[in-house]
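Residue numbers (this note's numbering), protein chains in the order written: chain F, 1 to 724; chain Z, 1 to 68.
For the record, the hints were derived by calculation from the structure and aren't laboratory data.
Do not take every clue at face value.
[Stated by the list, open to error] Examples of chain F residues toward chain Z, derived with CB under 10 Å:
(1) 64
(2) 67
(3) 161
(4) 370
(5) 372
(6) 472
(7) 492
(8) 501
(9) 609
(10) 611
The beta-carbon is built from N, C-alpha and C at its ideal position, and this holds for glycine as well.
The primary structure of each chain is shown beneath.
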Amino acid sequence: MADNVCPVHGTIVYLSRKLASGELTEPRTIRISEEILKLLEEISNGHAGEDHLDAVHTRVREFFEHSANPEGLKTGTYLKGILENHGSVLESHIATGNCASMDCVRLAPSPCQMACPAGIDVPTYLSLIADGRDAEAIEVIRRDNPLPWVCGLVCTRPCEMMCVRARIDSPVSIKFLKAFAAERAMSQALYINPPQKPLNGRKVCVVGAGPAGLSAAYYLALMGYTVRILESLPVPGGMLMVGIPRYRLPREVIDREVAMIQELGVEIVYNTVFGKDITLESLKKEGFGAFFLAIGAHKSYQLGLEGEAQYKDKGVIDSVMFLKNVALGQRTVPGNRVVVIGGGNVAIDAARTCLRLGAKEVTIAYRRTRSEMPADIEEVEHAEEEGVNFAFLTIPTAIAGDGDRVTGLNCLRGELVKKQDSDRLYPVPVEGSDYILETDAVISAIGQFVDTDGMDAFQDIQWTRRGTIEVSRASMETAHGGVFAAGDAVTGPATVIEAIGGGKRAAEAIDRYFNGMPQPRIPSVPVRYRREKPLEMPASTKMVLKRPEMAMLNIDRRRTTFQQAELGYTENMVREEARRCLRCDICRRCGKCVEICRDKMGIDALQFGYMDFDNPGETDFRKTAENCIACGACVANCPNDAITMEDRNDERLLMLCGTVINRQKLVRCQSCGTVIGPVKYLEYISKKTGGMKTVTQKARLCNSCARTHTAGFNVGTHPVGQTK
Amino acid sequence: MQFRKGQKIEVYRQSGDEAWESYMDDFIGCHGIITDPDTAINDPDALIEVSLQGMGTHRLPQDCLRAL
């Protein structure tokens, strides 16, 4: 390791190379090295706790406990030296979270990867998709998310919200690209599981086969654990299967991805309710040493309206039960004129499902206005296209009926007012504005909560005042030893990708629990696995490519069938869209290039307004060529090799993450033919060294030839002050 | 303050909410974007999903956030 490299970073590189090269073959040495690597990565990114350094020391000592193993001794001796000579640097990383030599931040992931609750390495897989390597892209995604196809269709895509490209025009369509790659890899039978570690004899029980449970089971199975999932429903997927309608997420997609997880030996036991059909004691007797609770939030809040109890199942339905029944095959229309109460995605799903079942009129009644609706804006637009009506500022007051069946929903018109000491708008009824919304079915979709039935077996579990399981977010560990939890049961009703991320975090924490490793202080940050070479393209192409529109199923079929509504991108669209990625894993937008060009060189050729998060300015990569002299000052000062310069075919190319932002003809030395740079650059130098012109007779010469040609000139032939 | 999806925010102080864990102190001063507001019941008390620059995505109480 070089003297000027941070020892934490250097040791991570050392161990990573040893593990990746296959140089280590002895299982114990591999295991200890992997554990130390994990601990060092957390020390590197400032997420280590007080016990991390002790844990590294303990593991290094473990190498020497088996003196017959030369591999372990060699690795142990190297690491012991690092701890003895650089222990204070490790301590400082833990105490301050900073790396003085800035080596550790070189691995900082891109904003999209950081935004993803599962931490998927987005720029790497987009780069692979752009290059047509879909199966490799899926392999990268599945390191952090075992359900790429599902997420490609239903993710709330926080990555796109943080996408830096949005500061130029529109975010890269990350979600749909993922769906395309997964579908392509699956159809070509290239969607395969990574190699699994040998079984370690330890058993983990997962309660719930939703996204969190499946995610934890997948990563535990890869680590060599025997995993059994208990599922109360007759199908896998949890809310993916019974909460999200088929026109958004076809069942086959869930089935195929679950089958991949089962291929790893994960056992799913259906129609089994924990605490009722099977007990904690019986599972412990079977040898299950850890439990992961991913029970979701499957109970609907009640509306609390007069008539709700009287007309339950006589026109009053809760959205969770309604969507579940439809997902399991029931195709009965709830009524001709349906009112759905709520403004979230579940309300939209329920309304669009009613249309597909044959309801003649569907209205979503929401207490606030369109701009306050928490539902995804695209989902709202799709619902409107299909003919769902919206009744905003509508406050339901009672459910009316004829004794047998619902006949209407009594409502008041509302208005939004600010309460004292709050700038939040609250809906307040307008007096005397009451009216009846005629309907024969009312679906409540005002939120869900966690069903705690069966959970009393875990007596030490703490519950939050929000009715969710209390965990340490870094490890997803509950107060009950050996019991972990994630997903909606912890967050309340949240997103699929958050549940997947929680499941992955819990799997890592369960592995640490079994191995006596300290848990991290902060939820783990995403990991970059590789640095894919950026694809080369002209600046004009980079700027001109636009996010494609999604083709939709025709409106009549959308209103009448459960066929997938979004038809997906064509292959050409996908490859082009992936090429719009700015590769923020390479360019960290530190702005040094812009500063050097503007302040030191006085050229100001780089108009990269997108680099500023808070106040982004104008960006046009094409403008660089107008003023850039290809001097290379930006290249020399780029800390991450994002800007590069290359002489190719008598041209000098300046590239930002593969985008050719300047291309200039090279000039050769008139004497020896050596490349001496582009004209603009030579003119710039000439201006700065004006006194040399006469001496070189305006000839364009390289340094060496210039020295040779001017060797005859000296203070004798050209006295100081007489040079013309 | 009612937060909306895509809004830029700053974590400007600790929250007194039980959901605030000690590691979240590291987030104070960070800027980010709301990625999932209170989707359930439009509740000022709900935890909302925020993607913080350089810190990842977390669910935080709303009283520690302010709009930029």
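Each hint tested on the structure:
{"no.": "1", "hint": "64", "verdict": "violated (34 Å)"}
{"no.": "2", "hint": "67", "verdict": "violated (40 Å)"}
{"no.": "3", "hint": "161", "verdict": "holds (5 Å)"}
{"no.": "4", "hint": "370", "verdict": "violated (12 Å)"}
{"no.": "5", "hint": "372", "verdict": "holds (7 Å)"}
{"no.": "6", "hint": "472", "verdict": "holds (7 Å)"}
{"no.": "7", "hint": "492", "verdict": "holds (6 Å)"}
{"no.": "8", "hint": "501", "verdict": "holds (8 Å)"}
{"no.": "9", "hint": "609", "verdict": "violated (16 Å)"}
{"no.": "10", "hint": "611", "verdict": "violated (13 Å)"}
In this structure, the hints that do not hold are numbers 1, 2, 4, 9, 10, in rising order.
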